[in-house]
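Here the protein sequences line up with chains A and B, keeping their order.
Using the working numbering, read the first sequence as starting at 1 and increasing by one per residue.
Using the working numbering, read the second sequence as starting at 1 and increasing by one per residue.
What the hints contain is simulated information worked out from the structure, not anything from laboratory work.
Possibly wrong hints are sitting among the right ones.
Each computed EDC-like pair below joins lysine to aspartate or glutamate, with the alpha-carbon atoms no more than 16 Å apart [said to hold, decoys possible]:
id, chain 1, residue 1, chain 2, residue 2
1, B, Lys-371, B, Asp-443
2, B, Lys-28, B, Asp-111
3, B, Lys-366, B, Asp-283
4, A, Lys-446, B, Asp-448
5, B, Lys-582, A, Asp-302
6, B, Lys-308, B, Asp-363
7, A, Lys-111, A, Asp-356
8, B, Lys-366, B, Asp-200
9, A, Lys-446, B, Asp-536
From the derived model, a few chain B residues whose C-beta atoms are all more than 12 Å from chain A [stated by the list, open to error]:
id, residue
10, Leu-45
11, Leu-63
12, Phe-127
13, Ala-413
Output of the computed footprint for chain B on chain A, the stretches with three or more beta carbons under 8 Å from beta carbons of chain B [claimed, not checked]:
id, segment
14, 368-376
15, 425-439
All of these numbers come straight from a predicted model, not from anything done at the bench.
The C-beta atom is built at its ideal place from N, Cα and C for all residues, glycine as well.
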Amino acid sequence: MTWLNSHPLTFLVFAPALLGLLILALPNTLGRLSRLLGFMGALAVLVLSLAWLLGHSGAGATTVAEQAPWFTLVGLPVDYALTVDGLNLWLVLLTTFLVPLTMLGTWESIKDRLGTFAAMFLLLETGMLGALMAQDLFFFYLFWEGMLIPMYFMIGIWGGDERRYAANKFFLYTLSGSLLWLVALLYLANKAGGFNPAVMSQAASALPFDVQCWLFIAFAVAFAIKVPLFPLHTWLPDAHVQAPTAGSVILAGVLLKLGGYGFIRFAIPMFPAAAMHYAKPLALLSVIAIVYGALVAMVQRDIKKLVAYSSVSHMGFVMLGLASFTVIGTQGAMLQMLNHGISTGALFLLVGMLYDRAHTRMIADFGGVAVKMPIFTTFFLIVTLSSIGLPLTNGFVGEFWILNGAFLSGFGWGRIYASVATSGVVLGAVYMLWMFKRVFWGPENKDADCGTHHLHTDLNAREIAVMLPIVVLILWMGIHPRTFVAVSEAPVVALLQDAKAPAIRTFVLKPAVHEAPAADTAAHDAAPGPGHETPAPAAHEVHR
Amino acid sequence: MNKYFWLIPILPLLGAAFNGLLGKRVGKSAVTFVGLGVVFVSLLLGISAFFVMKGMPDHRLVLNYGEWMATGSLQVPFGMVIDPLSGTMMLIVTGIGFLIHLYSVGYMHEDEGYARFFSYMNLFVFFMLTLVLGSSLVLMFVGWEGVGLCSYLLIGYYFETDFAPAAGLKAFLMNRVGDVGVAIGMMVLFAGFGTFTISDILTQAGHLAPEVGFGVLTFATLMLFVGATGKSAQLPLYLWLPDAMAGPTPVSALIHAATMVTSGIYMICRLAPVFTLTPITMDVVAWVGAGTALFAATIGLVQRDIKKVLAYSTISQLGYMFLGLGASGFAAGFFHVFTHAWFKALLFLGAGSVILAMHHEQDLFKMGGLKAKMPITFWTMLVATLAIIGFPGTSGFASKDEILYLAYLKSPALWAIGVLAACCTAFYMLRLFTLTFLGKARDPHAHDHAHESPTSMTLPLALLALGTVLAVWLGWPKAFGGDFTIEAWLTPATTYGQLHAAHGEHGSHPLAWVLASISTLLGLGFAAFGYFSYKDGLAVSEARAAKFPFLHRLLLNKYYVDEGVELYLLRPIRWFGNVLWKLFDVILIDGVGVNLPGALARVFGDFTALFQTGRVRNYALSMALGGAILLYVFLK
Chain A
1 MTWLNSHPLT FLVFAPALLG LLILALPNTL GRLSRLLGFM GALAVLVLSL
51 AWLLGHSGAG ATTVAEQAPW FTLVGLPVDY ALTVDGLNLW LVLLTTFLVP
101 LTMLGTWESI KDRLGTFAAM FLLLETGMLG ALMAQDLFFF YLFWEGMLIP
151 MYFMIGIWGG DERRYAANKF FLYTLSGSLL WLVALLYLAN KAGGFNPAVM
201 SQAASALPFD VQCWLFIAFA VAFAIKVPLF PLHTWLPDAH VQAPTAGSVI
251 LAGVLLKLGG YGFIRFAIPM FPAAAMHYAK PLALLSVIAI VYGALVAMVQ
301 RDIKKLVAYS SVSHMGFVML GLASFTVIGT QGAMLQMLNH GISTGALFLL
351 VGMLYDRAHT RMIADFGGVA VKMPIFTTFF LIVTLSSIGL PLTNGFVGEF
401 WILNGAFLSG FGWGRIYASV ATSGVVLGAV YMLWMFKRVF WGPENKDADC
451 GTHHLHTDLN AREIAVMLPI VVLILWMGIH PRTFVAVSEA PVVALLQDAK
501 APAIRTFVLK PAVHEAPAAD TAAHDAAPGP GHETPAPAAH EVHR
Chain B
1 MNKYFWLIPI LPLLGAAFNG LLGKRVGKSA VTFVGLGVVF VSLLLGISAF
51 FVMKGMPDHR LVLNYGEWMA TGSLQVPFGM VIDPLSGTMM LIVTGIGFLI
101 HLYSVGYMHE DEGYARFFSY MNLFVFFMLT LVLGSSLVLM FVGWEGVGLC
151 SYLLIGYYFE TDFAPAAGLK AFLMNRVGDV GVAIGMMVLF AGFGTFTISD
201 ILTQAGHLAP EVGFGVLTFA TLMLFVGATG KSAQLPLYLW LPDAMAGPTP
251 VSALIHAATM VTSGIYMICR LAPVFTLTPI TMDVVAWVGA GTALFAATIG
301 LVQRDIKKVL AYSTISQLGY MFLGLGASGF AAGFFHVFTH AWFKALLFLG
351 AGSVILAMHH EQDLFKMGGL KAKMPITFWT MLVATLAIIG FPGTSGFASK
401 DEILYLAYLK SPALWAIGVL AACCTAFYML RLFTLTFLGK ARDPHAHDHA
451 HESPTSMTLP LALLALGTVL AVWLGWPKAF GGDFTIEAWL TPATTYGQLH
501 AAHGEHGSHP LAWVLASIST LLGLGFAAFG YFSYKDGLAV SEARAAKFPF
551 LHRLLLNKYY VDEGVELYLL RPIRWFGNVL WKLFDVILID GVGVNLPGAL
601 ARVFGDFTAL FQTGRVRNYA LSMALGGAIL LYVFLK
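Isolated chain B, as found in the complex:
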């Protein structure tokens, strides 16, 4: 079986090529068959590879396929590593990816670019799997940039509009800024360890004295984290994600919620032993994560576009994951990746179902009362909403609680920020849910035409809801009688190559109970607050907004960060480019350096041409003069 595992990433690539080149000719059903088929076979192969890996004594399956780019001391082979971490991520990508592909069949069925859409989606799965499975940092970077490309293409999918191309461009460029961080981080690690192969780096890092961490490695990990803030939309490189909602909704679910945006967390988990050596970076990761979690959640409180709310929610949840990582909870952070992939994909697909039912209306204020019209969407969205607000017993509760608990052990302030963000989350999720499904229809016309989505869309919703419920079994916290299975499961990967794995401080169970009670009660309180604010329409919230006009405007305009970036960063750069061009190229180099000598030569030539009068007497005169001077010089 092992000899077929290279097909896991390659099949989606072939699917992308097929649909991209021939998709328009072969017809929709063939496109669907290939587009879904390759991901499904990839998933099956992935499951098989997962079990092969589980059977290995050290839970590592290493596959090499020859040299890619080698020169001098730089060697980068094509290779895959399947271990508990990459294996789990691989199954998330292919599994949830397949469900979203299935959903897209219904969601996109009227779109002219059907084949193009599936081509890009398959290409994305290819690059994402390369990112996840690649045995070296460079291959990870291939995937890293590649998913950025697919994100760009899919955000700009409706390319004949004004906003989608702009949003795609913004996403790509902001990610590129982060990618430079990754590139520099990789160069530093290469200069330090002499290899890009991840397992070799980790083994060497495992043998380093702890003091090393404060210099080179801190710089390297900070640079890598810059990349993570780009890809995973953290402060300050988060601005692209809300705009990315311009893409089709399945794209938002797959790329901008479940998989790609969690790459930053995945990378840090992958390199956990190196990050562990650098406490400064870990502090930065934790604080940036916590800050982002709260910052984005406050913006989410007032947004009207259903997808924008979910986008800010995603940014906020990604912040939680980083908070967990920064608190040395690699398993906790990754567990939140896992649970979030289910419930956030579900929320987005549910939102897509609503948007389609409302004829592409995304304004929450125009929805309402859809519960009866769309029962499956309603119930599945309810499951996801309960999970994300951390309702006791849900998977979201388990993963978020573990993160908050670890955050408290690192610093109570981090915990407090996390809890505050959780309160905001509870409020805006209930706001979203209430405005969409409950109360009275605010747009009776659209409401009349609304209907439940076709099976190809509701089936993925149901399966994702099932996953959301079941995900909890992988990591029910120890404090509440579980065994947090995922930690033991991931430990071989997150401590690979370390001589003695550090055992984190693990507090006491009573403390965990107290903390969980506080955050849960507060969360439920704010959820109720959200529900009661909106259950009777918009009047209550409008009155409240009128009371705090400044705060409301600030949040509604997302703290004016976009405007600030345009004014204080982009404009000066363009101005600088113009100055360089006009001043340097045109005036200094060309004017003074090139054309001035040219002009001088011409003037000089014109001047000397004055003597070429063509009159013999002038020449005779100058000859005589010259002769006289020569005579004088020699005879003197």
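Just chain A, same shape as in the assembly:
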């Protein structure tokens, strides 16, 4: 037990993989047992992660870390370093939460090679947790790439009709982005003499600015593909549509988050000047992603593809928040990552439940589902509302913070971009509710070949048990978001301070002075450039 006490993170990261390998060793005939074993293991990891990690953060100290020298790679020391702190605590918990939940939610969906599937799932969990916790860039890189393999198999083996194309596309797309990044990583490690992020940041800051920019671009492209940021998003719809439900949930729920997480953990702190230099193009691409993803989602005929494109739009919000370089926007992005994990994960689960029954996902094949499956409809509606950011659900808080953060951003583009991005809120409602109307409402579709006709049963107890915690979280995050962002506030503030992010831009509204009317009572401020301090009116606390 003493080993466990000093190595909780090691256990959390590698226990799933060990169990996975064990399951792989079991004969194929024990598939059902393997499935159960995998689920119990994932559940245990969830319980332990909650107990250990929340316990630590409750005491005020939010960091759990393990560090030891590991090996040297061509003379460069690689550390075995795992950390859970304010920036990744909730993403780690999101992962440990979604894995068992998804296993339970797709219990009946997978029909063949149950054991292999469970093993892949557990290996994937190790990859994700490792990537989230690794505090050494080489170590991180290993997990980052390692994660691809189980996901590749999940899509390639258990996917839809075009699974091979989708799996290859997913793998090659991501890999090609990462290769450039690996070059940058090795270059910088060589300069720094190691893969420790702190040392590397220091080395990076000593480099000429244009070199920093190139390095940042290499990092950013790798992470942006994962997010995915327009125009690097086209692997996503294929991967989502072809992946089995469980794959889609984890892909949307956790893998995409790693892109955003990569920015806030590595790309931005290591190259703050370059990151701010490219804040505008990043924000522009984010705004395009928000609007573009929504417009394309609107014209989709396959529900799953619609949800996939909605991910592009929602993750655009995350990137906009990060690019704003404000506390409000960055915290909004942190929350929005969790929101998206919960809401979009839930949407994929729900679409999977519908597909399992009707064997189609085409919107036109449905109509009047509400009559046949009232419980399912209620859950779908709640998740839809969360996805379109209705107040008191999680979606609202994240988007609201991001938009306000972007609007207040110290960069000149903030106000325009934020205003344009709000149109994504309308379009989000358009594609989600229009789909909801066509699938669930209206007269029952009596066509014998259609989807509605094949719906005989509403959700069973297992499926309800999967959806209930999601609904609780949707409301909890919407009503008391502090639970989920309190720990990241201090690291985010520190990050932006270190980056010397420009102060937020306010409108200067000067109070009337009765003795001597001020001549400069201008309504609009004189548009100071980035980094320029703008005096805020009284009672307005200036924050970065």
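On the provided structure of chain A, position chain B as indicated by the hints.
Same frame as chain A, but now just chain B:
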């Protein structure tokens, strides 16, 4: 007592949760008990809170319940403010809301979704109270979006039909467009004042120099007004309200007449000191209001569906309210909210009573002669009709007259538009009333089976009629010997935080008499015109329609705005989405960017594979060639 006031909004929420989760299991009487009970207790608590507030020296009761969303410099607490404005609105929502809940017991008693209906209605009351009582713009926005959701759910209540879901969707999306305006307006105000708390914004705004108004604040208030045009169905975002009549009639009365659609007016009153600083916005508000009042009223002239007539009437009356606000008559505009809540709710519930009696027939042309069959409905509808056409002495007269008077002081043209709209109102209301209750039955079969509604429906009608009559005491205009009580009452709220409240120009009493005489006489004239056109059936009006076929078709088809929006806005957007998808994603990014390199790599691979012939002599040849080249290079 104060420590229970948080229950005012929360009780209806609990009622909604109870009826939503357990409603199907517990049976109808339990649903009724909970659904009505929570609103009633809310009303009682509201009355008590109202009097507590009245007893406070500054007429403000501020209650805070901790932090909601805080990060960086952005703080939004959960908090309620009860002042004369929000207090009055709260009582309208819970009071009239309760009567409509009571009415629904009778109206919905045969419906399978009884529990679902009351769950949504309670949820609506919760969100509406959040909108009204919320201490910050963000909480107001919570309510703002929340009532939109309930409106969506209740319009689409008959979800297994074709039209109701479409109407619900339209309402929600059009409101969302407006909500974006509100969101942007809020962001601008936050960037300017550094807070979302309404009282802090007003205090800061009260200290601003007037010149400030022309820039940032004008933009902010215009954006907020965009939201108001959505929620309160003004030009150009009014299109959803007529369709919203697809919902059950009590919904139309509560949400689409008495409360939710007046949120836009409420918001402007709430932020009156900020709007006062922005004369451009005030002009826009006044002109949009006047334009909408007339525009909608002309459509109302020819509609056949009894609820559609009332819907256009609501849009038109909401236009009056905005006209009043734009003319700086915050009290006048809000007074019309108050009187309209009574008489329009009454009109809708009366219409519902008629519709039920006629077995869900909503076509005016098939009604007639119901006076004898439904005396209570007849008399209460008469009270409401007299009020809405501004018959002297009624509450509608008082509030409309005050608005028209202020409009005249702002611009005689606004007054003229308002009077014209009033003439239309008088005509279509008498048309509706005559076609429904007077003359001969045009559908004898339905007429034979018609009967007066049960007590649970007629009692609310009677109480609303009483309210319609009594409402006048709150604001009998000064020009006619009253003291327009509501103005003095609301002033602390509409001028909150202002250093020196502006005192509007108040003209002279003779002017008020002249204006009122003109508008009243014209109104009565058109009312008589409406009555005589329809008292003997449809022949007169059909002959008239035949004389002006183009105008008649234009009005009947609502100026073809819906068709135009579909053709010139929605279709291009869908087309654009398709182009983006097919051109960008499929052809450009995936085709050229991803699959082309993939294909090239394959071609290149196939090409190089040609050299892997597996024949030793080929390899030997290439080795020899390579060696020769190397030798040449190094030895040269």
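Hint-by-hint comparison with the structure:
no.	hint	result
1	B:Lys-371 to B:Asp-443	holds, 14 Å
2	B:Lys-28 to B:Asp-111	holds, 11 Å
3	B:Lys-366 to B:Asp-283	violated, 43 Å
4	A:Lys-446 to B:Asp-448	violated, 37 Å
5	B:Lys-582 to A:Asp-302	holds, 15 Å
6	B:Lys-308 to B:Asp-363	holds, 10 Å
7	A:Lys-111 to A:Asp-356	holds, 11 Å
8	B:Lys-366 to B:Asp-200	violated, 56 Å
9	A:Lys-446 to B:Asp-536	violated, 47 Å
10	Leu-45	holds, 22 Å
11	Leu-63	holds, 18 Å
12	Phe-127	violated, 9 Å
13	Ala-413	holds, 29 Å
14	368-376	holds (count 3)
15	425-439	holds (count 7)
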